Amino acid sequence: MSDDSKDVLSTAAPMQRRSVLKGTAGILAAGMFPAVHSQEKIVLRYLGTAVNQDKAIGDKFKADTGIEIQYVAVTTDDVTKRAVTAPNSFDLIDTEYFSLKKIVPTGNLKGIDVKRIKNADKITSLFTTGMVAGKAVGDQGTAPKKVIYLEGEKSKVFAKSPTQFMSLIPTVYNADTLGIRPDLIKRPINSWAELLNPEFKGKAAILNIPSIGIMDAAMVVEAMGIYKYPDKGNMTKKEIDLTIKTLIDSKKAGQFRSLWKDFNESVNLMASGEVVIQSMWSPAVTAVRTKGIACTFQPLKEGYRAWAAGFGLPATLSGRKLDGAYEFINWFLDGWAGAYLNRQGYYSAVLDTAKSKMEAYEWAYWMEGKAATQDIKSPNGDLLAKAGSVRDGGSYEARMGGIACWNAVMDENNYMVQKWNEFVAA
Amino acid sequence: MAAWWQALPLTAVFVLFFIVPLALILMVSFWDFNEYELLPDFTAKHYLAVFEGCFNTDAMCVTFKTYLSTIKFSVLVWLITLIVGFTVSYFVAFHVRSPGIQTVLFVLCTIPFWTSNVIRMISWVPLLGRNGLANQTLVGAGLVDAPVEWLLFSDFSVVLAFVHLYTMFMIVPIFNSMMRIDRSLIEAASDSGASAWQTLWNVIVPLSRTGIIIGSIFVITIVMGDFVTIGVMGGQQIASIGKVIQVQTSYLQFPLAAANAVILLGIVLMIIWALTRLVDIRKEL
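One line per chain: the protein sequences are A and B, in this order. Be aware that the first sequence starts at 2, since it is given in our numbering, and climbs by one per residue. Be aware that the second sequence starts at 14, since it is given in our numbering, and climbs by one per residue.
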């Protein structure tokens with residue numbers, strides 16, 4: 002039915018366009034077919050970071066539904082900035098859960114009606130209850146379960162218990178740890194403390210996004226046994242001072258080769274051998290490996306720093322664009338995109354649907370932590386792992402169950418940013 | 014009256030796109046803010062925050078350190094681009110006779126601008142890095158035992174990138190001034206028995222002064238406000254005022270960023286004012 006309507010539109014001569022539209026409107030009014038496929042094509046402006054904006058995903062969605070996705074790629078911080086300052090400059094936002102503390106109070110996001118999301122009840126329990134395989138994981142910082150529900154569609158506050166409205170529908174998430182060059186380090190690494198180990202003087206790097214970098218630093222401070230935070234994700238001024246002081250002392254001793262802010266920078270630093278140990282993102286490790294360079298996303302005994310991103314809808318979105326956005330979210334959770342992301346080393350929100358779109362050997366390697374029975378390839382066809390190898394960090398349960406804290410926005414955020422600038426200037 | 018009307022379009026553009034935004038920045042620098050919105054107010058606390066701890070004697074505060082480092086780069090880059098720019102201009106203006114070849118050489122000077130800023134800077138890594146060409150050559154020739162680390166992500170690499178980028182801004186105005194020097198003056202100097210150096214110092218340099226000052230204004234203002242080059246070439250470990258402002262805006266701390274911007278603007282204006290004391294640009298043009 003929907004295909005028919007498209008044909009009518011494309012074959013109609015310009016002269017007849019008006020009458021065709023009228024006719025379409027009549028059919029629409031009669032509720033005979035979904036609004037999404039009628040009239041002119043929908044283009045959704047998708048605001049997010051470049052990491053999640055894969056051309057293949059947009060192309061596949063367009064082929065499946067006829068709706069075009071227009072990527073607007075900016076940095077993590079700028080996604081938040083635009084959501085707060087220019088909420089009409091996008092139709093769909095892909096942002097991290099920790100940003101919600103800044104965005105939701107502005108009222109610029111609309112609660113997403115879970116009744117319109119087909120797979121809403123299949124979203125992994127990590128988001129809804131903070132559990133993995135029945136066990137609670139670390140919830141220091143802005144854990145998604147704290148901010149995923151809103152009190153209503155037009156709410157500016159988070160709900161304490163599950164409601165019909167979600168702030169963000171999860172897209173991808175992962176647990177970050179240190180990336181290392183095993184060929185240059187030549188010994189096992191098992192603790193966050195190694196990041197500031199003088200052995201790697203001039204060969205270490207840390208993330209220069211304050212709200213994420215400070216969490217990595219806190220993991221290091223705890224691992225070094227300097228201090229144990231009651232909540233790493235919400236430090237007091239004193240705790241911030243201590244954390245930054247540790248970083249500054251290391252920096253002055255020449256520990257860091259560089260700081261990085263951009264995905265490609267981290268890949269570059271690692272691949273060129275300028276840095277042998279640094280905080281890193283999983284797809285960046287994958288990117289280094291596809292260049293044929295050994296790089297490990299090293300599981301550490303203190304656990305992981307987790308992050309999660311999701312789709313949100315701007316409050317002003319309405320009509321066909323809103324329907325299109327819902328259709329995209331539903332499509333995204335339907336498996337193809339999930340499988341695509343899982344093959345990049347991320348995790349998808351609805352595991353069952355993604356599993357159905359992956360080969361059994363792929364699922365066993367990526368999700369169950371089993372040795373690969375065949376060569377593992379990236380979605381682009383590059384070789385990622387030879388048959389017989391095992392994924393860093395093991396199975397989904399082992400990795401996500403090892404979460405120690407989440408990326409966060411602290412109450413003392415302004416002070417933290419000021420101190421971070423001090424670290425950069427030191 | 015007609016003259017006023019003729020000036021109106023440009024004035025309107027200036028007011029709309031320059032004066033109004035600047036006034037807004039000034040206004041916002043006195044506002045308050047929270048995590049997600051600006052609160053109209055009149056408070057000097059952001060200015061105080063910028064200089065917090067600056068008047069304790071024991072250690073230099075972040076703001077002073079940052080300005081010091083930014084000014085250090087400005088002076089270094091200014092000196093080097095001035096010497097390189099003057100030399101190149103001198104060569105093209107006085108030693109190259111054919112206008113055709115002068116044009117070709119000029120186009121050659123613009124090559125650094127053909128690629129994007131970021132690509133250009135990233136391409137320094139394989140050249141200067143630990144395993145880069147420069148180090149391979151040095152180690153291979155037996156000049157050093159271990160790779161030299163300060164070639165990249167250091168003050169050296171920042172200055173190098175700036176010079177590579179901005180010498181052009183020195184060359185153009187200086188060349189322009191030199192081309193307007195009456196050649197008979199040089200002949201007169203030589204007839205009066207001046208040596209080549211004396212001619213250079215007593216005739217050419219004073220007559221190129223306008224170009225030198227204009228080029229200096231370009232280079233100094235660009236370097237004072239830069240954060241991309243210092244960020245990428247300094248391994249993001251070297252502070253600059255531009256970087257501080259950028260971090261603050263990305264964390265929605267607009268009033269703080271505005272206060273910093275106003276202070277930076279004030280300092281740069283003072284530098285330009287001092288430079289224009291040296292030459293009356295309006296008269297010379």
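In short, the hints are calculated from the structure, not lab data. Heads up, a few of these hints could be off.
Derived pair list, reagent style DSSO-like, types lysine-lysine, alpha-carbon separation capped at 27 Å [as the list claims (entries may be wrong)]:
#1 A/Lys123 <-> A/Lys102
#2 A/Lys292 <-> A/Lys202
#3 A/Lys102 <-> B/Lys78
#4 B/Lys58 <-> A/Lys116
#5 A/Lys82 <-> B/Lys58
#6 B/Lys85 <-> A/Lys252
#7 A/Lys253 <-> A/Lys229
#8 B/Lys78 <-> A/Lys302
#9 B/Lys58 <-> A/Lys238
#10 A/Lys161 <-> B/Lys85
#11 A/Lys56 <-> A/Lys356
#12 A/Lys292 <-> A/Lys229
#13 B/Lys85 <-> A/Lys239
#14 A/Lys155 <-> A/Lys136
#15 A/Lys239 <-> B/Lys58
#16 B/Lys85 <-> A/Lys253
#17 B/Lys85 <-> A/Lys262
#18 B/Lys78 <-> A/Lys202
#19 A/Lys56 <-> A/Lys187
#20 A/Lys102 <-> A/Lys63
#21 A/Lys252 <-> A/Lys322
#22 A/Lys252 <-> B/Lys78
#23 A/Lys246 <-> B/Lys58
#24 A/Lys322 <-> A/Lys155
#25 A/Lys136 <-> A/Lys302
#26 A/Lys238 <-> B/Lys78
#27 B/Lys58 <-> A/Lys253
One side only, chain A facing chain B, incomplete, derived with CB under 10 Å [claimed, not checked]:
#28 Ala134
#29 Lys136
#30 Gly139
#31 Gln141
#32 Ser212
#33 Ala427
To spell it out: a stretch of chain B is covered by chain A in this simulated footprint if at least three of its residues, at any positions, have a beta carbon under 8 Å from a beta carbon of chain A; those stretches are [stated by the list, open to error]:
#34 48 to 60
#35 256 to 263
Treat the numbers as computed from the prediction; the structure is a model and nothing was measured. Each residue gets a CB set at the ideal place from its N, CA and C atoms; glycine is no exception.
For each hint, the structure was consulted:
Proposed proximity of A/Lys123 and A/Lys102 is supported: the alpha carbons are some 25 Å apart, at most 27 Å. Annotation: proposed proximity of A/Lys292 to A/Lys202 holds, straight-line Cα distance about 25 Å (limit 27 Å). Proximity of A/Lys102 to B/Lys78 is assessed by CA-CA distance (about 33 Å); at most 27 Å being required, the pair is judged violated. Taking the CA atoms of B/Lys58 and A/Lys116, the gap is about 48 Å. The hint is violated against a cut of 27 Å.
At most 27 Å may separate the alpha-carbon atoms for a hinted pair to count; A/Lys82 and B/Lys58 meet this at roughly 23 Å. Of the pairs offered as hints, the one joining B/Lys85 and A/Lys252 holds, with about 21 Å between alpha carbons and a cut-off of 27 Å not exceeded. For the proposed pair A/Lys253 and A/Lys229, the alpha carbon gap of about 24 Å is at most 27 Å, so the pair holds. Simply put, B/Lys78 and A/Lys302 have alpha-carbon atoms about 38 Å apart, too far for the 27 Å limit, and the pair is violated.
Between the alpha carbons of B/Lys58 and A/Lys238 the distance comes to roughly 19 Å, so the proposed pair stays at or under 27 Å and holds. With a C-alpha separation of about 53 Å, the suggested pairing of A/Lys161 with B/Lys85 is violated against the 27 Å cut-off. In summary, the hint linking A/Lys56 to A/Lys356 is supported, as the alpha carbons are separated by about 22 Å, within the 27 Å threshold. At most 27 Å may separate the alpha-carbon atoms for a hinted pair to count; A/Lys292 and A/Lys229 exceed this at roughly 39 Å.
About 33 Å separates the Cα atoms of B/Lys85 and A/Lys239, which puts this hinted pair outside 27 Å; it is violated. With a CA separation close to 33 Å, the supplied pair A/Lys155 and A/Lys136 exceeds the 27 Å bound. At roughly 22 Å between alpha-carbon atoms, A/Lys239 and B/Lys58 fall within 27 Å of each other, so this suggested pair holds. Distance hint between B/Lys85 and A/Lys253 is fulfilled; the C-alpha atoms sit about 19 Å from each other, no more than 27 Å.
This hinted pair checks out: B/Lys85 and A/Lys262 have alpha carbons roughly 25 Å apart, not beyond 27 Å. The straight-line distance between the Cα atoms of B/Lys78 and A/Lys202 is roughly 24 Å, inside the 27 Å bound, and the hint therefore holds. A C-alpha spacing of about 37 Å is found between A/Lys56 and A/Lys187, which places the hinted pair above 27 Å, so the restraint is violated. Restraint check for A/Lys102 and A/Lys63: not satisfied, since their Cα atoms lie roughly 32 Å apart, outside the 27 Å limit.
At most 27 Å may separate the alpha-carbon atoms for a hinted pair to count; A/Lys252 and A/Lys322 exceed this at roughly 49 Å. Straight-line distance between C-alpha atoms of A/Lys252 and B/Lys78 comes to about 16 Å, which keeps the hinted pair within the 27 Å bound. Taken as a hint, the A/Lys246 and B/Lys58 pair is honoured in the structure, with Cα atoms around 25 Å apart against an allowance of 27 Å. With a CA separation close to 18 Å, the supplied pair A/Lys322 and A/Lys155 stays within the 27 Å bound.
Restraint check for A/Lys136 and A/Lys302: satisfied, since their Cα atoms lie roughly 18 Å apart, inside the 27 Å limit. Our distance criterion of 27 Å between C-alpha atoms is met by A/Lys238 and B/Lys78, whose separation comes to about 22 Å. A hinted pair counts as satisfied when its Cα atoms are at most 27 Å apart, and B/Lys58 with A/Lys253 does not qualify at roughly 30 Å. Evaluation of the A/Ala134 hint against chain B yields a violated restraint, the C-beta minimum of about 35 Å exceeding 10 Å.
The interface hint given for A/Lys136 is violated, since its Cβ lies 33 Å from the closest Cβ of chain B, which is over the 10 Å cut-off. With 10 Å as the threshold, the beta carbon of A/Gly139 stays out of range of chain B, its nearest partner Cβ sitting at about 24 Å, so the hint is violated. Checking A/Gln141 against chain B: minimum C-beta separation of about 19 Å lies over 10 Å; hint violated. Because the smallest distance between the Cβ of A/Ser212 and any Cβ of chain B comes to about 8 Å, under 10 Å, the interface hint for this residue holds.
Restraint check, A/Ala427 versus chain B: the minimum CB separation of about 8 Å is within 10 Å; hint holds. With 3 residues having a Cβ less than 8 Å from any Cβ of chain A, the stretch 48 to 60 of chain B passes the three-residue criterion, so the hint holds. For a cut-off of 8 Å, the count of residues in the stretch 256 to 263 of chain B with a CB near a CB of chain A stands at 6, and the three-residue condition holds.
Checked against the numbered hints given earlier, this structure breaks hints 3, 4, 8, 10, 12, 13, 14, 19, 20, 21, 27, 28, 29, 30, 31; the rest are met.
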